[in-house]
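Enquirer: Assemble the complex: chain A is given as a structure, and chain B must be docked to it using the hints.
First to last, the protein sequences are chains A and B.
If you're matching positions, the first sequence starts at 1 in the working numbering and goes up one per residue.
If you're matching positions, the second sequence starts at 1001 in the working numbering and goes up one per residue.
These are calculated hints, taken from the structure and not from any lab test.
Bear in mind that the values here come from a model prediction, so they are computed numbers and not experimental data.
One or more hints might be untrue.
[Claimed, not checked] Once the Cα atoms are required to be at most 30 Å apart in a straight line, the calculated DSSO-like pairs of lysine-lysine come out as:
hint, chain 1, residue 1, chain 2, residue 2
1, B, K1193, B, K1209
2, B, K1205, A, K102
3, A, K140, A, K126
4, A, K61, B, K1193
5, B, K1193, B, K1118
6, B, K1119, B, K1219
7, B, K1040, B, K1098
8, B, K1113, B, K1193
9, B, K1040, B, K1193
10, B, K1113, B, K1040
11, A, K61, B, K1219
12, A, K102, B, K1209
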Amino acid sequence: MFRPLLSGIGLLAIACTAQAQAVSTPEQLLTEFSRCDASFFEGLRDARLPAGTIRLGDYGKVKAPTVMNPLQEGGNYQAFENPLMVNGVRMVGYYNQAQTIKDAGNFLFWGFVADGTPAEVAARLKPLIVDNSRFVPMGKTFTRAEIRRIGDPINQWRTEGLTGPGVATPFGFVDRVLMVDNGDTTPPLGGHTTVFCSLQGTVTAPLLQVYRPDLNAHLLD
Amino acid sequence: MNARFTALIACTALLAGCAGMQKPVNPNLAHCRAQLQASKATNYPLVLQEGDLCLEKNTLSNPMQSLIYLVQADAYGNLNRYPEAIVAKEKSMQLSVKPSPREYLDLSYMYRKAGNPKKALQLVQYNLDNNLGEAGKGNGFNMPTYYHLGLALNDLGMYREAAESFSTGLQRQRDFAWAYYARGVAYDHLNDKDDARADFTTFAKIVDKKYVEAEQRTKLAEYQIALP
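Next comes chain A alone, as it looks inside the complex (with noise of 0.2 Å):
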């Protein structure tokens, strides 16, 4: 199930340090968002977006969308009231969905839902994208991923040695993936284009403190 560890490390690190900066648009949005770290969030805590769309609620020093319970299957979505356009794509809703699973580490999957395909929506949205060179296609869906050993500096995520797609992350290691792809076959994501950010493997209650401050970083212990 698990491939063998990295081999040989090519350590191509990238320090994710960017400063959180005052969102004004929905393309400013997405770009904080496609950085995958607290920027999103630190964004939305003075985020001046069109009235009507995303539903925001306080946690702590920032603000995020409300969803009811990450851990809860069907309370972890919000249908926005009016659709946030970006660049032209219309997206129609959020999800924050947090798991544990036995043997394969901890997931967290957090991002938006989008009317289109996902190449229409991979499209229009790469431009807007933090570091979008390393953005490609990978079958049916887009993807920058990343991946973290324990160890690292916490800001910092290897480009190679990446575990593959399908592929159970490793122990002692985080993968980090921004994805554009097909929805669940069942609603509220079915029929849409999820343009998501994951965080999955070793995830510590540390780790989610920097990336994740919306959330209680003990969510998953």
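Expert: For chain B alone, kept in the frame of chain A given last:
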């Protein structure tokens, strides 16, 4: 403690070898036996004295020399003479056919105690880079690796990464009290007093109190946590 454990295994192996001899061919081997007996008796100055004589007066095979140096390293460590412990440990590892991943962790501990956390970190990373888990190549990593990784990171002031490392180890072994203490220290430095308090409280509940020293007692007192 790790070095001591390894040394005890070494002693057992060596003593068994000596016991198998009807009469020592070379009476100078008595120094080697005396070293091991002194180690068992925790008489560390005598360990060093007899170990030196054993090495000086005999032409030992590489594996035997490796064991003698290993016991020397343990004794130096117990006497808080870490620079000399490192020299002995490294000689032991050089003479060993294939040093075990666990030995790199022990050496990491010694470098840390000698005030060189950077080298301590590199040694744990060597195991990680080469997929050398505690039980051998390809067998995965467990608490010992992540505990030593976290300790080195703590000493380097990388408290977030240290806390993450201890948390990873705790996913493998939930009942290792010292990982809670060390993570508490990391959280304390991060000014995350709630998480630090939670970890110190767990530590106080599950630790074997006979090993708790003044440093830990002081930290618990700072948080007004009593050892039950």
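Enquirer: Give me the numbers of the hints this structure contradicts, sorted from smallest to largest.
Expert: Of the numbered hints, 9, 12 do not hold.
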